[in-house]
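Please build the complex by placing chains B, C and D on the supplied structure of chain A, with the hints as guidance.
Residue numbers (this note's numbering), protein chains in the order written: chain A, 142 to 478; chain B, 142 to 478; chain C, 142 to 478; chain D, 142 to 478.
Keep in mind that the hints are not guaranteed to be accurate.
[As the list claims (entries may be wrong)] Result set (DSS-like, lysine-lysine): computed pairs, CA atoms no more than 30 Å apart in a straight line:
{"#": "1", "chain 1": "C", "residue 1": "K192", "chain 2": "D", "residue 2": "K232"}
{"#": "2", "chain 1": "A", "residue 1": "K404", "chain 2": "D", "residue 2": "K232"}
{"#": "3", "chain 1": "C", "residue 1": "K204", "chain 2": "C", "residue 2": "K238"}
{"#": "4", "chain 1": "B", "residue 1": "K457", "chain 2": "B", "residue 2": "K360"}
{"#": "5", "chain 1": "B", "residue 1": "K360", "chain 2": "D", "residue 2": "K349"}
{"#": "6", "chain 1": "A", "residue 1": "K192", "chain 2": "B", "residue 2": "K433"}
{"#": "7", "chain 1": "D", "residue 1": "K278", "chain 2": "B", "residue 2": "K404"}
By construction, these hints were calculated from the structure, which means they are not laboratory data.
There are 4 protein chains.
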Amino acid sequence: MSLRLGVIGAGAIGKEHIRRCTQVLQGATVVAVSDINLDNARAAVNALGLKAEVYADGQDVIKAQDVDALIVTSWDPTHEAFTLGAIEAGKPVFCEKPLAMTAEGCRRIVDAEMKAGRRLVQVGFMRPYDEGYQALKGVIDSGEIGAPLMLHCAHRNPEVGDNYTTDMAITSTLIHELDVLRWLLNDDYASVQVRFPRATSNTHARLKDPQIVMLETRKGTLIDVEIFVNCRYGYDIQCEVVGETGIARLPEPSSVQMRKAAKLATTILTDWKDRFIKAYDVELQAFINDVKAGELRGPSAWDGFAASVAADACLKAQESGALETISLPERPAFYLR
Amino acid sequence: MSLRLGVIGAGAIGKEHIRRCTQVLQGATVVAVSDINLDNARAAVNALGLKAEVYADGQDVIKAQDVDALIVTSWDPTHEAFTLGAIEAGKPVFCEKPLAMTAEGCRRIVDAEMKAGRRLVQVGFMRPYDEGYQALKGVIDSGEIGAPLMLHCAHRNPEVGDNYTTDMAITSTLIHELDVLRWLLNDDYASVQVRFPRATSNTHARLKDPQIVMLETRKGTLIDVEIFVNCRYGYDIQCEVVGETGIARLPEPSSVQMRKAAKLATTILTDWKDRFIKAYDVELQAFINDVKAGELRGPSAWDGFAASVAADACLKAQESGALETISLPERPAFYLR
Amino acid sequence: MSLRLGVIGAGAIGKEHIRRCTQVLQGATVVAVSDINLDNARAAVNALGLKAEVYADGQDVIKAQDVDALIVTSWDPTHEAFTLGAIEAGKPVFCEKPLAMTAEGCRRIVDAEMKAGRRLVQVGFMRPYDEGYQALKGVIDSGEIGAPLMLHCAHRNPEVGDNYTTDMAITSTLIHELDVLRWLLNDDYASVQVRFPRATSNTHARLKDPQIVMLETRKGTLIDVEIFVNCRYGYDIQCEVVGETGIARLPEPSSVQMRKAAKLATTILTDWKDRFIKAYDVELQAFINDVKAGELRGPSAWDGFAASVAADACLKAQESGALETISLPERPAFYLR
Amino acid sequence: MSLRLGVIGAGAIGKEHIRRCTQVLQGATVVAVSDINLDNARAAVNALGLKAEVYADGQDVIKAQDVDALIVTSWDPTHEAFTLGAIEAGKPVFCEKPLAMTAEGCRRIVDAEMKAGRRLVQVGFMRPYDEGYQALKGVIDSGEIGAPLMLHCAHRNPEVGDNYTTDMAITSTLIHELDVLRWLLNDDYASVQVRFPRATSNTHARLKDPQIVMLETRKGTLIDVEIFVNCRYGYDIQCEVVGETGIARLPEPSSVQMRKAAKLATTILTDWKDRFIKAYDVELQAFINDVKAGELRGPSAWDGFAASVAADACLKAQESGALETISLPERPAFYLR
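Isolated chain A, as found in the complex (with noise of 0.2 Å):
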């Protein structure tokens, strides 16, 4: 039986989700679709020849008779309106990020969600569906390094338009980090410092790039991420754990190994959309089987609130230059894993 699915917001993401579940994944098709342009709804369901009903309203996909579950791709400030709407609908959602514009809003969905007793909220953080950082904590979880004690990452990008500022090295990019981390260690965390080295020349007055973000776990471990977003010569993230014992480092991409030009090299990607681009598929697929399976165990409404928290201390952080405390309440148990 396929899972009819209806899709808010048809901009680039929802097209590119709507494609992913027609295309490439499995066990869903797509029913419905809206966009505050109607337009947009229909392009989005005729450039795949759907039979899909088209809306300008998110909130008539919602309540829609054959619409058993939804995927929110629309404007961010709308998100946390489609997605408490779903779950008074009582029915499964896949919400991009960010879940909402504030860990208020973050708290609203949580609190939504644990009234209606059962999980009906997976954010759409794909990182945890990455093979390599499957991988990575595979190798933590085995206690072969022992337990971790610090990480260094970094989450570089070759560029970013003019209006790229400096908060949104937070909430753009950082973000990822704050998601995958938490999952990967097992952690919470406790609190954050950031700092600003010499900027490159490549950026503008609204960007202090690179920084420096250094997040303490409750656990104790301690995490450096460089964020560096016009670092010009790739789109490159790094993740290494260092344990007790010994060290585990995310794979790189897989590449063609050259020598040409008396250098031996591997490619480095340039365009982000290519580093977790089978991420995406496996997260949504996830979410389509999840659903059908009766219980979503990908990334939660508590871990888009947890996220939501951490940014709004990094953001702090950012400003006073000092260590901030990261105040996350105790999960509910409603969440535990």
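Frame of chain A, contents of chains B, C and D only:
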């Protein structure tokens, strides 16, 4: 519209392909399964809760009205007859290697398919669907390293069973290189020579191990393939293409990099099934998609024939110790890529 | 003409330098050796069959007519006096680190040398003579990676003795980075902060291990150095320089690459003595050559002073947990490179 | 006591060895230099400010009372006579390769040396003194990879001059592998076959490039050596030893690892002189030390003879295309290591 598949042969590979079509791939449904042991067919169907008819005779699967296309995973000696049956029925067929037990058998399939007037056969050579080989071919085809002059390849298994004999190094092991290297170079083999180095002490009387097979292509590219099936350390596939201006090497499988116990190490696979596991998915998805699109583009009956002709010459070279000619007829226009 | 050397202190390092000068290096002869235990001096001389005078008092070595230059490898607290003695005698002196027990002591040597009017002191910092660091500096100085913005470094030992305490992570371990990174960047330190991650279970009460030291240079380059002296897996020195347009990384020591037991591995050294063994030869050969050429060019008394000032601030930062200023006076023109 | 060296031949290599003995190595002094062009000898001496006698005739250097040992770096065809002269004079001689122009010439030197009753000759094969090859031999000899079954080697130059012809791939290029691989395996060659792949377009009529030389040893180890002297990308020496239980590979030269312009790269050398530059120092230092210790242990006249015999067979195999036997007489007890 889901492609309705009939699977002939419900042994290990058959069951694996049924699972694949049902749980992993998109756009196909297994509607019929046969096995000479009817219980096997039933078990395969029930294990996945499929609504599929079971048959004792594969020819009945071919004839079944609701079957659009076939997957042949039966006992090797029956491949030829089932594939010919599918051609006769005008139904596309994915046949596991070997296509037939002899080059003559492969030729009969080629002739039947040409007579049918359109491509109906895909042989189960999965390596051209491997991401690494595709990247390597991309580099060659780009001209980055100039014309390929030499290939240094290795096909190593940690160990083989006692019933694995010298000739199987060609028919079970090298057969994959014989297929993928023709595709990689877009060339055909002209001659072959086999050399036997000092044998490992980890072999037995009926298996000379390792072997080095030296193939020359029509364009003069010289290929050495080391076959070493008791290498102990892992399942390791190497392919290095030496071109006029540079060298390109097949990517190593992705792995966490570890620093531990005085070693900086990545993991080498030990189970061959893990090495091309994704390629199996991709080849069968491609078959499904190509059938639906009306044009098969994967490894053809001609490719199966060519591999078989080359393998026969390799076997002769194992015996003679001399340089043996590989006489493949000119490729019919029908099979021009 | 062979340079006639007097060696003050015939302990482990002293004997090693005597052997080096006698059997490995070119252009020098050890003609005098002292040790507070005269038997040690005699044993060192006899072991190599040297025709060298032995003395109980290092000051007598300094004064000996036939001694052209000194090597000070005595007990740390005596370094300052012997070095000052050599300066007073107008004889070039290679002094093992530390130059003096305090920054003030180093300053006295600087002042004495400036008063002498020419460079007479080389401090035994060997890393600038390491081939890998020289290659790394070559890349930085070439401008290939643009201005250095961040350095990610690690200094890891497999284990340390029970008498190794938290402060020694600075004075015995980090001291090498404090020297080599100034040289590498051609910059001076402005501030330092120390963070203590979760401690490894393989340490003891008086040693917080690992530590992360964050140094900021005057130009704003932000350096993080992980010090982890019970890392178990090996002796491992890492240095990654993140520049505006690229990243350069200190070469790993050369090693045979092995495929064995399901691992693709190179060897990590476990004994620190092997890591910079060639650099010790090169630094001392450079001293000999430079003395003969009439101009010392290696690590200077000022470099020793600068490292000492920085180390003091690091120790303070270990205690305070705060950002500590590193106040090095302006470099006198005398020491301008 | 400094070893007093006489250098016969003051061309490029001669001058290089004079500089080496004078400025780099320990324990020797060049006291005599000859060249058929006396001005060359004078210039070499004056350039370094040596107090050395100059001679027009190398035989006079051999006879000079104050000369303890010889270095022969004259025109290739004169090597044999000067080496024989040194043997006759009972003086140790380091002779650059080739030891003689023919195997017979080498044999004459072997016979003369045996008649002299002690080893007096070291041939200038430097690779056994390379750190990488020594590490590789260490792994083989340790038994870690079991008995060596196959070697995959490559000797690649970026380009060669127009006067480099097919046979020089053996006499100028492969000659180094012919020496070092015997030493590495502690084995002798039994046969050789040469295959010519498709030629690179970057060669000329008198040079078939690349070539693959397949050597078989007496123990049955099968060695393939790719010789590619117009490979364009760099000077690259590869050696992979496939043993019964694992594979060991010659280390790549150490290099800074760079992330830049979408590449993760290390540098490949392009100038052959840089590849074994340290090995030249080590081989000559070893000669000096061994002469002083009274026992030569480096590449012997027998090794020179063995390489010459093997090279002759390789040349024959280039012509015949057939498997050619390599008939080295049994090694005299005199040369047993």
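How the hints compare with the structure:
{"no.": "1", "hint": "C:K192 with D:K232", "in the structure": "28 Å, holds"}
{"no.": "2", "hint": "A:K404 with D:K232", "in the structure": "46 Å, violated"}
{"no.": "3", "hint": "C:K204 with C:K238", "in the structure": "22 Å, holds"}
{"no.": "4", "hint": "B:K457 with B:K360", "in the structure": "22 Å, holds"}
{"no.": "5", "hint": "B:K360 with D:K349", "in the structure": "16 Å, holds"}
{"no.": "6", "hint": "A:K192 with B:K433", "in the structure": "19 Å, holds"}
{"no.": "7", "hint": "D:K278 with B:K404", "in the structure": "19 Å, holds"}
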